[in-house]
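Note that the protein sequences, when read in sequence, are chains A and B. Each residue of the first sequence is one higher than the one before, starting from 1 at the first, in UniProt numbering. Each residue of the second sequence is one higher than the one before, starting from 1 at the first, in UniProt numbering.
FYI, nobody ran anything at the bench for these hints, they're computed from the structure. Among the clues, some could well be false.
20 Å max Cα-Cα, derived DMTMM-like pairs, lysine to aspartate or glutamate [to be verified]: (1) A:K119 <-> A:D87; (2) B:K165 <-> A:E42; (3) B:K249 <-> A:E66; (4) B:K352 <-> B:E341; (5) A:K119 <-> B:E401; (6) B:K121 <-> A:D87; (7) B:K393 <-> B:D423; (8) B:K121 <-> A:D89; (9) B:K212 <-> A:D87; (10) B:K121 <-> A:E56; (11) B:K249 <-> A:D87; (12) B:K165 <-> B:E127; (13) B:K165 <-> A:E22; (14) B:K364 <-> A:D87; (15) B:K242 <-> A:D24; (16) B:K920 <-> B:D874.
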Amino acid sequence: MIVCVAVVGHQNNPLYIQSFTEADDALKLHHVVHCSLDVVDERVNNPKKSGPMLNETYLGLLYPTENYKVYGYLTNTKVKFILVTTDLDVKDADVRNFFRRFHAAYVDAVSNPFHVPGKKITSRTFAERVSTIVKAFGLSSAG
Amino acid sequence: MPVWNFCNFFILKESLAFIFEMAQLHEDALREYDELELCYSETVNVAGKQRDFGGVERGDDQAALLNPGNKPLTQIVQDDSFREFEFRQYLFGCQAKLLFKLNRPYEVASRGYSFIISFSKALALYESILPFCMREVWVVTACLALINATSSHYKDGLVAPDVEKEFYRLEGDLYSLCRLKFMRLAYLVGYGTHLERSPVNSASLSMLPWPKPAVWPSIPPDASSEVLAKEKMILQASPRAKHFGIQRKQLPLEPSVLLREANRRRASLSAGNMHEIFDGGMSPSNKSHAAAMSRTNSSPGNFESSIDRPMRLAEIYVAAEHALRNTISNPDLLKSLSSLEEFEQKYMELTKGAADNYHHSWWKRHGVVLDGEIAAVSFRHGNFDLAAKSYEKVCALYAGEGWHDLLAEVLPNLAECQKILNDEAGYLSSCVRLLSLGKGLFLTKERQAFQSEVVRLAHSEMKQPVPLDVSSLITFSGNAGPPVKLCDGDPGTLSVTVWSGFPDDITLDSLNLTLMATFNTDDGVKALKSSTAIVLKPGKNTITLPLPPQKPGSYVLGVLTGQIGKLKFRSHSFSKGGPADSDDFMSYEKPVKPILKVFNPRPLVDLAAAISSALLINEPQWIGIIVKPIDYSLKGAVLHIDTGPGLKIESHGIEMEGRTKPIENTVAENGSLTEKKKFELLKLENGRVVFPDWASETDSVLWIPIRAISDQLPKGSSSGDSQKRSIVDGMRTIALKLEFGVSHNQIFDRTIAVHFTDPFHVTTRVADKCNDGTLLLQVTLHSQVNAMLTIYDAWLDRQGGVVHMGKGDGRPTSGFFPLIISPTTRAGILFSVCMENMADTILNIKYGISGDRTTGAHPPVLVESAESDGTKQDLIFRSALIFQRPVLDPCLAVGFLPLPSSSLRVGQLVTMKWRIERLKNFEQDEILYEVNANTLNWMIAGLKRGHVSLSPEQGSRIVISILCVPLVAGYVHPPQLGLPNIKEASISCNPAGPHLVCVLPPALSSSFCIPA
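Just chain A, with the same shape it has in the complex (with noise of 0.2 Å):
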């Protein structure tokens, strides 16, 4: 189940940020993405380590964790997506079609004109298709 997915700006502030558990802990989902850009800025400022990824927007596993998994995902502009998932055993390219899937969200919604560049997304329409996505995600991985 995916529990949060974030976008995070190129000066890894959120964008958008939103969890899908029931309980109103949020924070802490804020807390594993926030965190989960140490990695990410590891992989960038490090070409060497992500050797044959390096022109691959899909950062692929973050964060080896024993109970949630975090993968990420960057952009072209720097925009990373982050994507918390409690499921153990997630196939590599469910990831990458949901991630594929959700940056195009993404650019629909910024290419929407009254969105302020490097501002929060606000889109609501851009929420429900994310919520699509994520539980799609749920299905696909299900099935």
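With the hints as your guide, set chain B onto chain A.
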């Protein structure tokens, strides 16, 4: 045929590894172990047999991953393989030993971390058969062992910097993993109330499932006193109130409520409806009220140890504690969980270890966040200084990257520290930052609390004024729409929109705003001040500030400063077009809108003379001044009139009339239009005229009565003299100074030159000279003005006496008059006079003038007192007459006689001859002559100067000759004959002027040489 089994394979491989190791071939030995591990992981899973996992012996809870000799291998042999629990640790231990020998502690840490994670997963599979919390205890001991071993083997500077960073990161990971498991254990024994419910703890703990033993430990029979102690601890631990009375739902530290989980897992309990409430999954569906409820459940009173009754929370803690005591064999770990103090010490050690290591790695955020956890403990222990420092770091991290939600969690703690430490500046700035965080993050009540703190401090006994940056809280911008436009030098008012982020009205004791000139930085900044107190409502406020005159340019708003009590605040946010957004992050990228434009100095008004042609001198005349405002109001304008020398303002009132459109229109229907024109008589006071209001926007003409004074008598000229009178004589100037503008700050200076002239210029010519001395004098009158002149009479007289004019007074017949002279034309009058001496003769002309004052000369302004009989006032023009006397009166003629036909040569004697002839009778008969020649060119032989006698009769002649030798070849002036005693005017020369003669060089045969 030997059957392959893993034991045999292992013996083979390990002996090989052993041999390699003996031969110091550690790499090869390591490879053997790596292969063994690979092989084992394949066989142990593929076999499909249910194997004994191991790990149930006493002491197994302590990780032996670095201690391969922990148990003899024979003890862990099972069937044809080894028990997984022991054998995997053994293998890792062997690998680690070799890696340490190879001096690769980084690799031990890296492999070790993955090993612990994967081994922990393996332990989770067998959790039901392992002792209670075996998995957590094992991870804690494994991490600590690995940290100790690697850090003792690790020496700084031996590896590449990025490997070093990675090593520290791994150490940090090991520490934080250890910390996490340790916190879980502590929670189970009831120290949960002492765990900070921070995002970092919540993130790791609430997503970590509870241990899943087959049966949850039950309470030992004789533990009632311990249960009571735990009850007490639960009751005493009140949830820590947040500062400022912030009400927040606490973050969970547990994946689900422990009470239910523990009771559910108790085998004997029929779960009943509880079972249905739980999905048992990962969903952290705990509610804080559930936690509260659990406490009320566990109230002491119905205290009966019954196995069928659900356990109370305190009982669960006691049961877990007992179970853990059985599980844990490590005395250190046991001790750490024995009391709250011991626990806190261990907790701090682990947290600090993790934070320090993360700080050495790339993962700064992890480190800083853990600093916040350390700060929380420091705060609890009253170590506020340390706590404030750490909290500041955390706040800086969150604020710097705009994570306001997280910042809102930490910032109140920092503020509290600063308040306790009496750090006023810090506390104020924290309060302001709290206020400037997004409105959704705090309730209005909380925000009001922040504001009241700010106001309380501002008005309290602060020692010195505290500067404070409120850029995020008070923002300002110019009003929407075009900027205020001002002319150079004009004051004005500036209206500024100020957004207040305060939840309540706030009183600013003073407010200053600076203006910055764009594209002109050297000019400094101008401050606008509002000294009166201003009350800012929450949200948008409009403030009007007086604007002193500014230099030309375009201005933007600079900095807003002000004071609240002793608090000096400052906001340097740039003006924004719209209302302040909730997050100001990156708002500085918005373009800055100019608020004020002061135009370059431009003409705001024009003063010009309304007339183009000359006025009459010595007569009162109207001079028109066109006042033309150029898109600028002349309301209340004052005109200072200062006449130059030779000019006087007549005492009449000044007329002012409106000027409609171009003048050409008015010419056609003058009468009807002038009626529509506005007209007003103005008074001149102290050389000042105040303009009427109607003249403030439209063009108008100011008519000033003046008189140019000239005491010179105009002089006529004779016809031969073409010399004109200088225009400057009639020039007069009027200096005008117009003060206008809002506060008479605009000044327009203009000096107007007006040309005055006599009506006529008189030229005279003697038309004929009669034998009886009577002259026929032709007087030509040139009209000098652009007006019709009518001559009524003309006569001659002499200055200071009666003139004898022969017969009559020389006046032309009266029928000749009136004579009308059109503008700039001429008229002639013939006088017949007989005068001995014509000097000092004055021509008097009585004339009238009819002209329009808008074009030039016009009838003089009527003096009010003068008899206004309605008839035209006759004017008298007087002009001195100039007569010309013949200039030349030759009485002697001097002629240069032609030279001999053979040309002159250098060195050859030649005779120069002049002939003098008497032209009229002349008394002198002795004439002095003188020959002048350039001595370089001529050598003169004979008398140069002498007297000759010339008979006095008209026509008598004499020739003067002189012998000369030319010295130089070329064209040279010949010697000249002068007559010094006779005036030049009486000599007529031929040729008239100097002339040249040609002198040839000497003949070739001559020995006479002149050096070149």
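Pairwise hint evaluation, A:D87 against A:K119, where the allowed Cα distance is 20 Å at most
violated, 31 Å
Sort out whether B:D874 lies within 20 Å of B:K920, counting only the CA atoms.
violated, 53 Å
Given the hinted pair A:K119 and B:E401, is their Cα-Cα distance within 20 Å?
holds, 13 Å
Hinted pair B:K165 and A:E42, Cα distance within 20 Å
holds, 10 Å
For the pair supplied as a hint, B:K165 and A:E22, is the alpha-carbon distance within the 20 Å limit?
violated, 38 Å
Is it true that the CA of B:K121 sits at most 20 Å from the CA of A:D89?
holds, 13 Å
Keeping to a limit of 20 Å between CA atoms, is the pair of B:K121 and A:E56 held or broken?
violated, 31 Å
Quick one, are B:K352 and B:E341 close enough, alpha carbons at most 20 Å?
The given pair, whose Cα atoms are some 16 Å apart, holds under the 20 Å limit.
Tell me if the straight-line CA distance from B:K249 to A:E66 falls inside 20 Å.
It is violated: about 26 Å lies between the C-alpha atoms, which goes past 20 Å.
Checking one constraint from the list: CA of B:K165 to CA of B:E127, max 20 Å. Satisfied?
It is violated: about 35 Å lies between the C-alpha atoms, which goes past 20 Å.
With a cut-off of 20 Å on the C-alpha distance, tell me whether B:K212 and A:D87 pass.
holds, 19 Å
For the pair supplied as a hint, B:K121 and A:D87, is the alpha-carbon distance within the 20 Å limit?
Roughly 15 Å separates the two Cα atoms, so the pair holds.
Going through the hint list in order, the structure does not satisfy hints 1, 3, 10, 11, 12, 13, 14, 16.
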